[in-house]
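Listed here are the chains, written in short residue letters.
There are 2 protein chains.
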Amino acid sequence: MIGNLNHVAIAVPDLESAAAQYRGTLGATVSEPLELPEHGVVTIFVRLPNTSIELLHPLGEASPIAKFLERNPAGGVHHICYEVKDIHAAVKRVTADGYRALNPTPKIGAHGKPVVFLHPKDFNGVLVELEEA
Amino acid sequence: MIGNLNHVAIAVPDLESAAAQYRGTLGATVSEPLELPEHGVVTIFVRLPNTSIELLHPLGEASPIAKFLERNPAGGVHHICYEVKDIHAAVKRVTADGYRALNPTPKIGAHGKPVVFLHPKDFNGVLVELEEA
Chain A
1 MIGNLNHVAI
11 AVPDLESAAA
21 QYRGTLGATV
31 SEPLELPEHG
41 VVTIFVRLPN
51 TSIELLHPLG
61 EASPIAKFLE
71 RNPAGGVHHI
81 CYEVKDIHAA
91 VKRVTADGYR
101 ALNPTPKIGA
111 HGKPVVFLHP
121 KDFNGVLVEL
131 EEA
Chain B
1 MIGNLNHVAI
11 AVPDLESAAA
21 QYRGTLGATV
31 SEPLELPEHG
41 VVTIFVRLPN
51 TSIELLHPLG
61 EASPIAKFLE
71 RNPAGGVHHI
81 CYEVKDIHAA
91 VKRVTADGYR
101 ALNPTPKIGA
111 HGKPVVFLHP
121 KDFNGVLVEL
131 EEA
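From first to last, the protein sequence lines are chains A and B. To convert, note that position 23 of the first sequence is 23 in the numbering used here; the numbers rise steadily by one, no gaps. To convert, note that position 16 of the second sequence is 16 in the numbering used here; the numbers rise steadily by one, no gaps.
It should be emphasised that the hints constitute simulated quantities derived from the structure, not laboratory data. A portion of the hints provided could be inaccurate.
Put simply, identical chains are the same to the list, so a pair is met inside one copy or across any two.
As the list claims (entries may be wrong) - Dumping the calculated SDA-like pairs for lysine to any residue here, alpha-carbon to alpha-carbon at most 20 Å: (1) Lys92 - Ala20; (2) Lys67 - Gly125; (3) Lys85 - Gly27; (4) Lys92 - Glu35.
Only chain A is shown next, with the shape it has when bound in the complex (with noise of 0.2 Å):
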């Protein structure tokens, strides 16, 4: 079911000196940051050849990276992001082996597709996007 690893998402607590890391030290293609106020998050894509990791910094109050940076100050691995064919396939397949979408209804993701987040707790410890691709 699932394909590829979209991507890798990293909450960081200063958004420039990371993409400064990973452009300057670590070499690698780093976007510039884009605003998704209705994510609540500011984004930077860090593209590796075969993948992506996202840099995520908290946007305005209610963002949900800030309360994540609140209980992990240096920042840390946020979720990783599978793609799935059908999303409302996927789903259903997940929830009926008894696991815990945080939204069962899809919704649109950082990307404009279709995005369902998996219980942490159900899926060894980890934040697990599936989006539709």
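Since the structure of chain A is provided, determine the placement of chain B on it from the hints.
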């Protein structure tokens, strides 16, 4: 400098159940367990089309994963691994920029290739492995 994301390593409290979840519910190609006593881990590889997920479980008493699972009983992302062409050049560049390598002298990693781990506090709270590939 960094190339592909070689793998995302997830420490899991129950290896069999995590493997069954990835094989069954998520429909991925999952390897048999591989014991690596010299690294204190049992690993199972989840092969995605573009990269791998490495499920890690403690093996033996001195396992570095045991401590991680004590702090994170549900599991969690333990590290992410980027490929580099020349591990010695990579360490030189990273440390020249003031970032810390946990083992500045490369050691042989779980895949039989030279690896260096970078300090999570210097990399947005994420334990980063560089692997010569």
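| said: Reference check for the pair Lys67 and Gly125, CA-CA at most 20 Å: within, between, both, or neither? | reply: both (17 Å within a copy, 15 Å between copies)
| request: With 20 Å as the alpha-carbon cut-off, assign the pair Lys92 and Ala20 to within, between, both or neither. | output: between (41 Å within a copy, 17 Å between copies)
| What label fits Lys92 with Glu35 when the C-alpha limit is 20 Å: within, between, both, or neither? | Result: close neither inside a copy nor across copies, 32 Å intra and 34 Å inter.
| message | Within a copy, between copies, both or neither: which one fits Lys85 and Gly27 at a CA-CA cutoff of 20 Å? | response | For Lys85 and Gly27, only the inter-copy Cα distance (12 Å) is at most 20 Å; the intra-copy one is 32 Å.
Hint 4 from the list above is the single one not met by this structure.
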